[in-house]
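Engineer: Those letters in the sequence shown? Residues 159 to 382, per this note's numbering, in order.
Hints listed in this document are in silico derivations from the structure and should not be mistaken for laboratory results.
Every residue, glycine too, gets a C-beta built ideally from N, C-alpha and C.
One or more hints might be untrue.
Per label pair, the in silico range of CB-to-CB distance [as the list claims (entries may be wrong)]:
| id | residue 1 | residue 2 | range |
| --- | --- | --- | --- |
| 1 | GLU168 | ARG324 | 46 to 54 Å |
| 2 | MET296 | MET376 | 25 to 33 Å |
| 3 | GLY284 | GLN202 | 27 to 35 Å |
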Amino acid sequence: MKNVLLVDDEPQLVRALQINLEAEGYAVTTAPDGAKALRAAASQPPDVLVLDLGLPDMDGTEVIRRLRAWTELPIIVLSARHGSSDKVEALDAGADDYVTKPFGLDELLARLRAVERRSWPVREAGTVEAGELEIDLMAATVSRAGHRIRLTPREWGVLQLLVENRGRLVSQQQILSEVWGPLYEKETHYLRIYVGQLRRKLEEDPANPRHLLTAPGMGYRFET
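Please construct the entire structure, taking both the sequences and the accompanying hints into account.
Structural biologist: Here it is in structure tokens:
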């Protein structure tokens with residue numbers, strides 16, 4: 159299920175879009191203004207942002223500029239502004255598409271599908287073997303000596319990022335930003351807890367890890 163953050167201050171429109179998008183299989187989070195949208199995007203990064211330009215606290219283009227400082231998530235603008243200069247400004251700020259109000263649901267769904275195809279990153283596929291470990295990046299599964307190991311979503315997020323960058327140091331800030339969100343870049347104690355949990359589940363000797371290695375004060379790397 160794809161997650162859409164819908165930002166608009168028109169309650170009736172928001173409710174109608176939420177109902178219709180959920181009927182199409184999307185999970186929808188809403189925000190009525192720019193500040194709440196920025197907080198929502200940072201705390202629970204969506205797959206797509208659908209954004210009205212006419213917000214009560216700041217212009218939608220400012221929301222786009224602030225988001226583009228740290229994320230490449232697809233952004234579709236909804237606006238009652240028909241002028242070409244408004245479209246150009248929004249697209250130059252970093253929007254991926256622009257839909258003019260009033261619009262049909264079919265049009266919006268088509269635009270969503272288009273930005274999905276263009277913008278969602280293709281993650282590395284295949285199986286990585288490391289000693290007794292077998293990590294299937296496509297299926298998001300891990301086995302040790304043939305036995306499936308259950309990981310929480312956060313544990314898998316950390317492991318996936320390290321395995322995709324195996325042999326290379328991944329900074330604490332990068333892991334926290336990609337797995338938890340940019341507001342968590344200083345919460346390094348989260349990493350100590352989760353890497354410790356992963357070692358207990360994956361390493362033969364968690365106190366002397368072979369695969370999940372620490373670079374003190376810098377980050378972690380995965381070695382096969």
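Engineer: Is 27 to 35 Å respected by the C-beta to C-beta distance linking GLY284 and GLN202?
Structural biologist: 29 Å Cβ-Cβ, so the 27 to 35 Å window holds.
Engineer: Can you tell me whether the CB distance of GLU168 to ARG324 sits inside 46 to 54 Å?
Structural biologist: 48 Å, holds
Engineer: CB of MET296 to CB of MET376, is that within 25 to 33 Å?
Structural biologist: 30 Å, holds
The structure is consistent with each of the numbered hints, conforming to all of them.
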